[in-house]
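One line per chain: the protein sequences are A, B, C and D, in this order.
Quick note, the first sequence lines up with residues 1 to 352 if you use this note's numbering.
Quick note, the second sequence lines up with residues 1 to 352 if you use this note's numbering.
Quick note, the third sequence lines up with residues 1 to 352 if you use this note's numbering.
Quick note, the fourth sequence lines up with residues 1 to 352 if you use this note's numbering.
Don't read these hints as lab results, they were simulated from the structure.
Where hints are given, some of them may not hold.
[What the hints assert, rightly or not] One-sided and incomplete, this derived list gives chain B residues near chain A with beta-carbon spacing under 8 angstroms:
(1) 22
(2) 50
(3) 74
(4) 75
(5) 86
(6) 94
(7) 100
(8) 187
(9) 211
(10) 212
(11) 286
(12) 291
(13) 310
(14) 312
[Stated by the list, open to error] In the DSSO-like style, the derived pairs of lysine-lysine whose C-alpha atoms are separated by at most 27 angstroms in a straight line are:
(15) C:60 <-> C:347
(16) C:21 <-> C:149
(17) A:269 <-> B:166
(18) C:347 <-> A:75
(19) B:347 <-> D:166
(20) D:99 <-> D:316
(21) C:269 <-> B:99
(22) A:33 <-> C:347
(23) B:347 <-> D:190
(24) B:143 <-> C:21
(25) C:99 <-> C:316
(26) B:166 <-> B:75
(27) C:269 <-> C:60
(28) A:269 <-> A:149
(29) B:149 <-> A:99
(30) B:99 <-> B:347
(31) A:21 <-> D:149
(32) D:316 <-> D:149
(33) A:347 <-> C:43
(34) C:60 <-> B:33
(35) D:99 <-> B:347
(36) C:149 <-> A:347
(37) A:143 <-> D:21
(38) B:21 <-> C:191
(39) B:269 <-> B:21
(40) C:99 <-> D:269
Note that the structure is predicted; figures quoted are calculated from it, not measured.
In this text, a Cβ means the ideal position worked out from N, Cα and C, and glycines have one as well.
Number of protein chains: 4
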Amino acid sequence: MGGNSFGTLFRVTTWGESHGKALGVLIDGCPPKTELSEEDIQKEMDRRRPGQGGGSSPRKERDRVEILSGVFEGKTTGTPISIIIWNEDVNSTPYDEMKDLFRPGHADFTYQVKYGIRDHRGGGRASARETVGRVAAGAVAKKILEQEKIRVFAYTIELGGIRAEKIVYDEIERNIFRCPHRNAAMAMEKKVEEVRLQGDTVGGIVEIQVRGCPSGLGEPVFDKLEADLAKALMSIGAVRGVEVGAGFGVARMLGSECNDPIGPEGFEKNDAGGILGGISNGADIILRLAVKPVPSISIEQRTVDSSMRPVSLQIKGRHDTSPIPRIIPVCEAVVAIVLVDHLLRQKAIERL
Amino acid sequence: MGGNSFGTLFRVTTWGESHGKALGVLIDGCPPKTELSEEDIQKEMDRRRPGQGGGSSPRKERDRVEILSGVFEGKTTGTPISIIIWNEDVNSTPYDEMKDLFRPGHADFTYQVKYGIRDHRGGGRASARETVGRVAAGAVAKKILEQEKIRVFAYTIELGGIRAEKIVYDEIERNIFRCPHRNAAMAMEKKVEEVRLQGDTVGGIVEIQVRGCPSGLGEPVFDKLEADLAKALMSIGAVRGVEVGAGFGVARMLGSECNDPIGPEGFEKNDAGGILGGISNGADIILRLAVKPVPSISIEQRTVDSSMRPVSLQIKGRHDTSPIPRIIPVCEAVVAIVLVDHLLRQKAIERL
Amino acid sequence: MGGNSFGTLFRVTTWGESHGKALGVLIDGCPPKTELSEEDIQKEMDRRRPGQGGGSSPRKERDRVEILSGVFEGKTTGTPISIIIWNEDVNSTPYDEMKDLFRPGHADFTYQVKYGIRDHRGGGRASARETVGRVAAGAVAKKILEQEKIRVFAYTIELGGIRAEKIVYDEIERNIFRCPHRNAAMAMEKKVEEVRLQGDTVGGIVEIQVRGCPSGLGEPVFDKLEADLAKALMSIGAVRGVEVGAGFGVARMLGSECNDPIGPEGFEKNDAGGILGGISNGADIILRLAVKPVPSISIEQRTVDSSMRPVSLQIKGRHDTSPIPRIIPVCEAVVAIVLVDHLLRQKAIERL
Amino acid sequence: MGGNSFGTLFRVTTWGESHGKALGVLIDGCPPKTELSEEDIQKEMDRRRPGQGGGSSPRKERDRVEILSGVFEGKTTGTPISIIIWNEDVNSTPYDEMKDLFRPGHADFTYQVKYGIRDHRGGGRASARETVGRVAAGAVAKKILEQEKIRVFAYTIELGGIRAEKIVYDEIERNIFRCPHRNAAMAMEKKVEEVRLQGDTVGGIVEIQVRGCPSGLGEPVFDKLEADLAKALMSIGAVRGVEVGAGFGVARMLGSECNDPIGPEGFEKNDAGGILGGISNGADIILRLAVKPVPSISIEQRTVDSSMRPVSLQIKGRHDTSPIPRIIPVCEAVVAIVLVDHLLRQKAIERL
């Protein structure tokens, strides 16, 4: 249990390093008889592929997905689904000089201390490339949610200080930042290009919605639905904060403002973000998360080498300027995984 | 696995209902030979006891802790530690009329949907009283952390819209809101009293620090230290948002601002909040969380009964006006539990 | 995870020491709306109570069961069920002189090495008294199985070298050894008395049957139904061997003898013991286990003290001559727990 | 959690079907800095390879092992180790006619009932070919045990009714049945050939020893060392019984015979098989298991098709006559995995 698994019943384990032979994911506990093809997964994988936007990483990976087990004649069989993504465009040379350095904002220092050894190439296991496995598993989870008419989607509400002032859902997949406000998207694009030219990077805020989630998902106490969602989202490398519903806004609310009144048609507003007492209440689930700027900047930085001697570092290599939009399918993936897991846990007790 | 457990190696399971016979916690995986007495636990329990502050719940519980197993001649033996807290001042009468209602902001509706049955008295299992078990387990965790010179403490940085403008650590345990700024604490007290008289409640923000945490704790990928901390904190009923280090602030930072430079003495600032790539980096761990107002207000609210017919509800019974300061020892407890768990996981691999 | 839990979805954790204040069990994941009373549990507890047979331990414990949580108005609520059994007739004096000795056949030596500390009184946590918690949880599991028309029962087929030559099911609960052959039971009683007078103890073989088990329970590969059953049974202190169906007999069979032919009505014989490929096949599940003699004998034994100096030991105190019949309800309990766990796991995937 | 994982800290998950693209194993929790090469794994894999003995399956698989992650410059890094074995010699034609039949002694029927779908080719996931993943993970576990001077080895003590009358350890790897008695091995070879010509198959008994195991491994109560070993061994498809130390022999022992006296040098005999109270006592661990005959026989059998209509079945295809010797490295593998897992669990608590 080196921490690479998630889920109780729908159990997902990712593996692989940025510059290793391949990366992948293993799903144990997928219900049988769900239709699943490589295309279903590829579609999601393409949404996080490098090199798709202005400020995006120029590493060229096709990220071709291959299903190695668990699917027979187009359907899941209930046995483990092993999915592999081969690394193709690996060039570790730029990392040679950073082999004995600890890049600020990266996990180099902590992996070295924890394990006493690390694959430094491309960040090794700590690379954001690890998330290809999550996206693949998320695609499987989405197929299951689809059967239950549950839909998960995410979008950018802030990037580089620019905020989406309105939410037009149809707009989301039309611009490269998956921003629901077209004007904001255009301003974001300009901002990202500006920052890229300075060799710097930007952060932002992503919002996630779950539509059609039945009430009753989530276990009380420790495995509350929002607790598992917070864990799943906070486990994405760049995420530094997670909130549900009114989120940090609740701190300045009165109880009479914060409580959602209930009427014959259901909840009359949704400051709870669709979850009460750790259990979904049938309203849309609303989550928001803070994404830090990509730590690989080409501006000179102070750091130390493995003997703790000061060195000056200027990162070369290929890097995104903004973690968004590529983090969006990753967010959707982990949320989908959490939901399927809780769906199965609920099925286990509800129809006995 | 009804979701009442937390931890991989240091495994904590709480049980009990607000108006049942007793509540308690079971700890499996506590290392042997740690000194532990009922007083060690009672001390923490007293910090969350009802009835200690201006706006606090008038339910009178002594919350006497009894250790039933796992300790021999003042030391832990490595076997499960069972701790019980008897309910004494139980009066379910005020809940009789709410038996078939769903209180807004509470878990009444979702428990009913999930289980088809619920113990409505005092909120049953969904009551904040469940946290007595967490605090007891946290006290055990703190004893273990103490041996390793790790200290966890929390304080209020905002309550009812009033913000602590400075942090004076010595002040924290001197005022009832555990606020590190005396003037703010006084303003908070006034605010809470004001809101209480209106029959309303307030929310706030708590900050948590971990001092002396060694680098190397946390597992990469899914069981990142901040992911487990986020889960643990988000699993506290009233928490709606969690952030680490610069938190949501990262959204408006550039990479060059957000990265913490490393010098020969270590990290030169701490926007990472002591965690990089999911693993502690030796700096202080800094967490912040948003706490919603207590949902039990005496102001009239719209809701429905179990047949979804509209009813008007005015809650009587005994309730806190502010979830703070009683939530503070609960926050410390869950953080301590996460740290011990990761400490043990790290020991398992580091000295083989 | 000190090893005191069992089960994935129906999760049982026992706690308590032989001479501590109390023992108990915590069940997390029990489905809601199952009828459950203290009497349901007491009935099973009484079947393992000390002092009921010729050779049985004269410790006088009423083993009164108390349900502390998870049941409301006679039904389970889906929240953790905490059950406590208070120790009443504790006399640790006979153990004082054995405090620094390692009793042969007991866990004294291994607990001391593992933990560096142990509660020596009555064997502490390693005492067979730990099984009160298993029996209580098993009683809950049996209630759930009852709803599904699944019945688990066990009986003695060999004791002190005397073998039941025939199986008359009605006879089982009529004699103190729960032996399905009346004549054998009488011979067993005589044998046990004879051995008791010599200060010695005897072993035996127990057989377990599960009737009405639906096909489809059990997960392939590691969590095969027989694998989980073997673990559960082998985790009972005195058990040294477990077999399913034809068991060790398969070693001398040909494939053509061992395979169970399948006809339109189902399996034509049952050498598989009701499990194929780790999954129940609808036939009766048949298990057998070897039980070692109680290690506490009053005959003088060679051992060492905690400084590894040789000493001669003659055990006083109160002990059973035969682990049977008291082990029988324990066997039934763990089998029932495994079945409920797999029943829930199967429900999770089968009706999505 | 479809049951394809084993272990708490050293967590092994196998995947793949007999006639799919590949099979493999994922190890999460392997300690860092252990030397590991593909050759280390290949060596063990070759010991279970098809086609190596008189009666063995003529399927020609080279079973080339490829490490895809978790190893850097010849050492483990603490991140997940993904190992793949490609299927090469796949011929599913002989299975076409069995697609709608349930082969006696196989999991065809139970998989169909459990999942409502199955990959029938070569037995799919239920094939003994799944064990390539176990053997690969076992090879990694053995490398770790080697560092701790712990050695696991297994051998045949009975096959087709022929029993090894003596144990000469050096003989074990010298004959194809891994039988420690040369004459018995020769008789076994003759017997297997005889049975093969009849189109039938044989069963046997394997014994396993662990040398150099330190005392203190194993968790009390449910995760007793012998309980986890029993589960691991019983999870091997062909195993129908498991015993430790004197095993089923204890049933006819007196307490005074069964107890192992302790002297200044340690245990004076080893009927406990190296485990007391679920914890290793420093003596050799001794296990025995019953292996059923391979169910694929070419003799005609009665069975039914998927509509439960009777059919007569004569299995063609390529099959072993005896599950031994190929099961031997599988037994060693799972025992090694259990030991490493408990070694890590013990490290977690012992040196805090």
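Of the numbered hints stated earlier in the document, which are not met by this structure?
1, 2, 3, 4, 5, 6, 7, 8, 9, 10, 11, 14, 15, 16, 17, 19, 21, 23, 26, 27, 29, 30, 31, 32, 33, 34, 35, 38, 39
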